[in-house]
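Enquirer: Given the coordinates of chain A, assemble chain B onto it according to the supplied hints.
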Amino acid sequence: MSKRTLRQGGVVIASLALTLTACGGSSKSDNGASGSSGGGSSAGASGGAAAGKTVQGKSGPLDCSVFSSFGDIKGKTISVYTTIVAPEDKPQIDSYKPFEDCTGAKVNYEGNKDMESQLLVRIKGGNAPDIAYIPQPGLLQQAVKAAGSKADPAPQTVIDNVTKYFGKDWAGYGSVDGKLYAAPLGANVKSFVWYSPKMFKDHNYQVPTTWDQLMQLTAQIAKDDKNAKPWCAGFESGGATGWPGTDWVEELMLRTAGPETYDKWVKHEIPFNDPSVVKALDTAGAILKNPAYVNGGYGGVKTIATTAFQDGGQPILDGTCYMHQQASFYAANWPKGTKIGPDGDIFAFYEPSMDASSKPVEGAGEFVASFRNAPEVEAFRTYLSSPFWANEKAIISTGWVSANKGANIANFKNPIDALSVKTLQDPATVFRFDGSDAMPAAVGTGSFWKGMVNWITGASTKSVLDSIEASWPKS
Amino acid sequence: MSTFDKFEQMVIAVVAFAVVFAVIMLLADRIRGRSADRSVAMVFLVPTVVLLAVGLVYPAIRTLLDSFRNAEGTKFIGIDNYQTVFSDHDLLIVLLNTVLWVVFVPFFATAIGLLYALVIDKSRVEAIAKALVFLPMAISFVGASIIWKFVYTYKGAGSQIGLLNEILVKLGLPAQQFLLNWPSNTFWLIVVMIWIQAGFAMTVLSAAIKAIPQDIIEAARLDGVNAVGMFRFVTLPSIRPAVIVVLTTIAIGTLKVFDIVRTMTGGQFDTSVIANEFYNQSFNIGDEGLGATLAVILFVLVIPVVIYNVRQLRKADAR
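These protein sequences, in sequence, are chains A and B.
Using my numbering, the first residue of the first sequence is number 777, and each one after it goes up by one.
Using my numbering, the first residue of the second sequence is number 709, and each one after it goes up by one.
Because the hints were derived from the structure by calculation, they are not lab data.
No false leads were slipped in.
BS3-like, lysine-lysine: derived pairs with alpha carbons at most 27 Å apart:
{"id": "1", "chain 1": "A", "residue 1": "977", "chain 2": "A", "residue 2": "1135"}
{"id": "2", "chain 1": "B", "residue 1": "783", "chain 2": "A", "residue 2": "1043"}
{"id": "3", "chain 1": "B", "residue 1": "714", "chain 2": "A", "residue 2": "852"}
{"id": "4", "chain 1": "A", "residue 1": "882", "chain 2": "B", "residue 2": "714"}
Computed beta-carbon distance windows for the label pairs:
{"id": "5", "chain 1": "B", "residue 1": "724", "chain 2": "A", "residue 2": "1035", "range": "58 to 68 Å"}
{"id": "6", "chain 1": "A", "residue 1": "1198", "chain 2": "B", "residue 2": "869", "range": "30 to 40 Å"}
{"id": "7", "chain 1": "B", "residue 1": "763", "chain 2": "A", "residue 2": "1115", "range": "55 to 65 Å"}
{"id": "8", "chain 1": "B", "residue 1": "782", "chain 2": "A", "residue 2": "1047", "range": "18 to 28 Å"}
{"id": "9", "chain 1": "A", "residue 1": "889", "chain 2": "B", "residue 2": "800", "range": "24 to 34 Å"}
{"id": "10", "chain 1": "A", "residue 1": "1198", "chain 2": "B", "residue 2": "855", "range": "42 to 52 Å"}
Reference excerpt, derived from the structure (chain B facing chain A, CB under 8 Å, subset only):
{"id": "11", "residue": "863"}
{"id": "12", "residue": "976"}
{"id": "13", "residue": "993"}
The beta-carbon is built from N, C-alpha and C at its ideal position, and this holds for glycine as well.
Next up, chain B with everything else stripped away, as it sits in the complex:
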């Protein structure tokens, strides 16, 4: 297809979209009578539901069905794939790695973000300090991974080109192959995700801290509460909904982590996680069944976090 053809197709698609949209608006506008509200709602809902069904529900069901099939997707093999995932040594490490990620990234990213937000709150350099921590958010996961890969680079003899190893050598310690040995290599990868996500945590939590009503703080001060007490009895309870939102949002992002692992180690040296292994099995190795199984497991793991997140958001809104 030439560039012109592609452009032509794009124009047609945009026009078609505008037409469909116009028809929907026109229909909604025309509806009168007693049950008008309900009908109008239907007119707007139906296209959305159809698109959701095509783009989300159908693939989800397909994936679920594929997870019960063999590598080529030609034969039904029951729960064999699930048994493989929970018994194969390499895949168990993948699951364990994912657990490590989900436990450590949200906790440390939120804790560091919170601490930072508290320390810089109302300080003179707050704007600059915030920008510095927020900057990594603007870097793509792949970009960040490449930066950190250089930080961890190891060279046995001669001068080090990796920052971390150069520091170690300057301190008189031996240089390390950070990305080689399990499980420490997974933690060195986790550091990258924390580096990216701490900025997000800091921004949201800083806003929440600033939203604490001044009179509560003053009342606590009059009661003679010290700094630690202030944090425990005033700040933390006040920002609890924000902390939970931050924790769950980062947790969902962490469950899906793919780019960092793929860029830094390609899943080698036992660093793979579910999302990366799903890609590896489906596209590199060509085992569609096992790939679909891993995708389903990922989906199942995300659901409770999402539900919890939504409920917390609702509660916060209700207040």
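The shape of chain A in the complex, shown without the other chains:
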């Protein structure tokens, strides 16, 4: 395709497929959409900026004019600080290319696994990044408060995208004091149970659709196969050891107590040792603390504490366990060559609810917070919140999911990613964010993690919940 036809076609397709600031509600984007004459006059003068130009991305052409309302941002740089490191950082960086081509601005990407603990240090030290991908709503609250006037609320273009393409729940998790500060970036779905479709077929097991069926299946497997256990699990994760345990509790809190009680629990409107939490933990314990049900391939119940979460589900492949509860991103942990799919070596099913009438889904994701108010930063935030970007990113990634409703499921090649997006976009889904990520850090990354480790190594449900309740920050 020649450049010329591309450009001509671009304008037409752009108005259909593209969607960057499409909701027309804001005068800013209207201005941009008017094309080559729009935007700052300096943009035209410099010749390289956005107005009237189209750039080809993997998911289609990108109408650059949507950025022209931000003025000439050519040559400007935007610094991004994130926990997303190799190998997942490559599709991230590659997905910025259409934006960079379009505007002439440059994105400086800095990935650091310790970002969560370093971000506040950098903000307080006056060295905040332009943009940070924050994976926890609790941390977002802290960061916005710590940054004070430097924290930049979402511009109208981003608000429009979030209103149009994300659910209310997602917008809420990106807001501080009712004001949207951060649009969602990636997402993941936690409510999955990984299993081997082949093993299930060999034994004529059906994928359970209610919790009772799941427990019946568990008992059945324990009876049928003396050389294996129905479940395997691993809580070890370096300094974050214990978090897979919090996921178990949260899933069961959602299922046994319902989303409303779950919200109260996260906000500490009911105590942490409330009877509903006891019930959730004991329901998890019926599987995790039963030596007949765990820990496939690793040994007794206590091995869960020291088994790395990455290794947790691996025994499914050698047949020493049948099921493993873990999020969609666990797809990245299967060895190269493992076929993931409904008829492959490995796949996942929705972790059943108590009855089939409700569909609570627990998940998590990152949010794009900004600490510098500048046209190039706002343009980039607008780009990241658009369906164009979500589709662009989907095409070049595996193991990546978006909650953007403008994301086309067909663009998610990996079956588990597609299943996750489908789950997120399902109207029956009641979505809740990972509870421990939204709790105060003293609990969410402190006593809750530690409590789960103590619980799995033998401490009673009551003593664990009592000590977590005691650790909740007073004030």
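Expert: Chain B alone, transformed into the frame defined by chain A:
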């Protein structure tokens, strides 16, 4: 900031440093007259004192003040944080673990280093033997921790992938979860530190042993002293200053131990120590007050060891 900007800043910083240095030298050179010595000393001292004040004294005072404040550092709460550290069950275990580390690591690292130095002294393979024990010193704490984490790895069923458990299973014993049960898990971590530090002890002590005057040794031999007596009455008294330096140096390093705990267990399973808990409280949990308190406690604990160390060094110099 682009790479170029960073490079530019670096160049500016280097040039600025050179200019400041040149000015100081020039000033020192210009000073004449009766009290010249004192003035010259002042010119050199003042920048150092200023930098120390900014980089060391000020943060120390800030930390001390923070330790009397609440989690966000916004409210004065008196000695609450200190009370928490000395009453909270989990933090008491942290303190106890630190005591275990400081008692066992310096003692065993020095003892093993000394024994090794004595055994290989003047042997034919001394150079190679020394290099072997010294090698772990060259490995970073994090690297060493990862190596040992593999050594301790546990797998309940099937074949073991951890060296130690494989040995246990070969001997017909059950495999162990070394890093899970307190307090033994702390001792398995301590082993890593001893493994690293024994090389340092061996090197310094070996040099001290070689420095013992030959005539003393010969005199003792003529008196018919046996090997044990030689060690007790000749070697040990002669190398006593070196032993103390080694012990205190390792003790200070051990008080600050962080990397090993963080890499191997992340402080879970009751293995945390003060330095790790300080980091955990300050940066993971976000309790700046409690973090500062732990830092102050660490500081207070190190002071006597440092003073003792300095005095011993002075004594050795005076001789």
